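Undergrad: Start from the sequences and build out the full structure, keeping to the hints where you can.
For the sequence shown, the numbering used here assigns the number 5 to the initial residue and increments by one for each residue that follows.
By construction, these hints were calculated from the structure, which means they are not laboratory data. Heads up, some of the hints might be wrong.
What the hints assert, rightly or not - What follows is a list of derived Cβ distance ranges for each label pair:
1. Lys216 <-> Ile118: 44 to 54 Å
2. Met343 <-> Pro225: 42 to 52 Å
3. Leu300 <-> Gly93: 42 to 52 Å
4. Ser328 <-> Ala234: 47 to 57 Å
5. Ser328 <-> Gly239: 42 to 52 Å
To be verified - List time: in silico DSSO-like cross-link candidates among lysine-lysine, alpha-carbon distance up to 30 Å:
6. Lys81 <-> Lys437
7. Lys413 <-> Lys81
8. Lys377 <-> Lys216
9. Lys468 <-> Lys371
10. Lys468 <-> Lys382
11. Lys371 <-> Lys382
12. Lys377 <-> Lys413
13. Lys468 <-> Lys381
14. Lys216 <-> Lys371
15. Lys468 <-> Lys437
16. Lys381 <-> Lys81
17. Lys216 <-> Lys381
18. Lys413 <-> Lys382
19. Lys468 <-> Lys413
20. Lys81 <-> Lys371
21. Lys377 <-> Lys81
22. Lys371 <-> Lys413
23. Lys34 <-> Lys298
24. Lys216 <-> Lys382
25. Lys166 <-> Lys301
26. Lys468 <-> Lys81
27. Lys381 <-> Lys371
28. Lys81 <-> Lys34
29. Lys216 <-> Lys413
30. Lys382 <-> Lys81
31. Lys166 <-> Lys298
Bear in mind the structure is a predicted one, so any value in this text is a computation, not a measurement. The C-beta atom is built at its ideal place from N, Cα and C for all residues, glycine as well.
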Amino acid sequence: MVEWPPARSLRYAGCAGVVTDVLFDQRFRKGLFQPVDASSLVVFRIGFGLVMLWEVIRYWRHDWIREYYIEPVFQFKYYGFAWVQPWPGDWMYAHFAVLGICAFFIALGLFYRISTILFLLGFSYVFLLEQANYLNHLYLVIVCAALLCVLPANRYFSLDAKLRPYIAADTVPAWSVWILRAQFEIVLLYAGIVKLNGDWLQLEPLSMWLAKRADFPVLGPLFMQDWSVAVAAYGVILLHLLGAPLLLYRRTRLYVFFAYAAFHTLNHFVFSIGIFPWFTLLGSLMFFDPDWPKQLKSRVLGWLGRSESSAMLSVPEKTTTPVSLPPPVQQRAVIGFAMVWLGVQILLPLRHVLYPGNVSWTEEGHKYAWQMKLRDKKGETRFFVTDPATGRQWEADPLDYLSPRQARKMQVRPDMILQFAHLLAQRWEQRWKIPGVEVRVDSWVSLNGRERAQMIDPNVDLAKRQMSLLPADWILPLRIPLNRRPENYRARYRDLVQAETNE
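TA: This is the structure we're talking about:
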């Protein structure tokens, strides 16, 4: 196995010197382009395709395609992407059918390059259609799909290699394995870093969520105990901050992987968080030796007492495919791309420090930052539309314009509240011919069990405010400290669970 490329002496000071050294150091470049077994990358390709095929099937089975993208008359957009609109009529079903076909082709390694590009574009389109559906693992899918577009994952064990033997090879350059390792290392580390905040260290919102699941088989009674919640909360931090780096070391890798497997399996059954546990475990497999699938196959056959002498079962100990290094210019281009990509992945999650206030409260810098399982927000936002010419005022009901799911998400997220205020202003002008209406809100929200606080300045006319990357001065700061009262809400949730059981 090829470990991280050889160490190098830095010839220049500062970031520019590091970049120059990386791009022009011949030994470093040779290490990154040294051939390694393609098996682990193939497993990732197949797993990615099958998991995404399953995700598409879930959207069909639960009728989320209609619920999320066909029935709503309004979609909440991401900044800069208001122009993205759903297909008319039932064409969204056709779109998801194409996504499923592309995912299946990725797993087969058939028309791999075009399949990954089409999947990336098609999935990104679905992602951008509705901000209310944002999930970290959907963003992770886009990130990994973008990487697969440039990785040679179809060289081996693929229909492309069968149909076009000239591309077939049982090796890939080491950088194609390392960039996936680096990507998942970033995700796992940030999953631990973001939990070093006051609320999580005081066991919230995890304590509330586990209390709701007091009826969970076997473990349910533990979910009601502070000490067990503390073990879980602090254990997650240690798992990510220590476990993620230890995946890089051979001696600890297997133990950490099994710890992650137990963690993600429990997450799946306790919180039902979709494909994220399995997708992350798939990424964790990349930390093993590149030929781990062949090693596993050899051991399984040994346990079964079967011989590997036949050509069908033969597993070569060493790679035999001739490999020639690409030209230096191409090597530098690949390394430059990897450095820019990973630099963005490292810096983008940190942008919330540029905004004042609690990121879980303001939501500024919350997305694309692996801020996972950190907030439980409940509240109510009332919208008041005023005609400045007459002083007449109306209270708008969000359910007249949004689906129940959209309305629930919107009422606690400032940027979505702003978009809905703009929608109301447009509707008043279009339907009732009243231009220039003012839209104000009365928004009271609870974060992680706090008493409700006013989130939006009620004196600001949101119809006149625009979406921006700058800090929003109409979001009021959170001034209420977290005051845990576990005995209160645990009793309340216990009674709720008991009432539901008796019905």
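Undergrad: None of the hints should be skipped; say for each whether it holds.
TA: Outcome of the hint check:
| no. | hint | result |
| --- | --- | --- |
| 1 | Lys216 <-> Ile118: 44 to 54 Å | holds (45 Å) |
| 2 | Met343 <-> Pro225: 42 to 52 Å | holds (50 Å) |
| 3 | Leu300 <-> Gly93: 42 to 52 Å | holds (48 Å) |
| 4 | Ser328 <-> Ala234: 47 to 57 Å | holds (56 Å) |
| 5 | Ser328 <-> Gly239: 42 to 52 Å | holds (48 Å) |
| 6 | Lys81 <-> Lys437 | holds (25 Å) |
| 7 | Lys413 <-> Lys81 | holds (13 Å) |
| 8 | Lys377 <-> Lys216 | holds (15 Å) |
| 9 | Lys468 <-> Lys371 | holds (25 Å) |
| 10 | Lys468 <-> Lys382 | holds (26 Å) |
| 11 | Lys371 <-> Lys382 | holds (19 Å) |
| 12 | Lys377 <-> Lys413 | holds (15 Å) |
| 13 | Lys468 <-> Lys381 | holds (26 Å) |
| 14 | Lys216 <-> Lys371 | holds (26 Å) |
| 15 | Lys468 <-> Lys437 | holds (18 Å) |
| 16 | Lys381 <-> Lys81 | holds (20 Å) |
| 17 | Lys216 <-> Lys381 | holds (15 Å) |
| 18 | Lys413 <-> Lys382 | holds (9 Å) |
| 19 | Lys468 <-> Lys413 | holds (22 Å) |
| 20 | Lys81 <-> Lys371 | holds (13 Å) |
| 21 | Lys377 <-> Lys81 | holds (22 Å) |
| 22 | Lys371 <-> Lys413 | holds (14 Å) |
| 23 | Lys34 <-> Lys298 | holds (25 Å) |
| 24 | Lys216 <-> Lys382 | holds (15 Å) |
| 25 | Lys166 <-> Lys301 | holds (22 Å) |
| 26 | Lys468 <-> Lys81 | holds (18 Å) |
| 27 | Lys381 <-> Lys371 | holds (16 Å) |
| 28 | Lys81 <-> Lys34 | violated (44 Å) |
| 29 | Lys216 <-> Lys413 | holds (20 Å) |
| 30 | Lys382 <-> Lys81 | holds (22 Å) |
| 31 | Lys166 <-> Lys298 | holds (20 Å) |
In this structure, only the earlier hint numbered 28 is contradicted, and the remaining ones agree with it.
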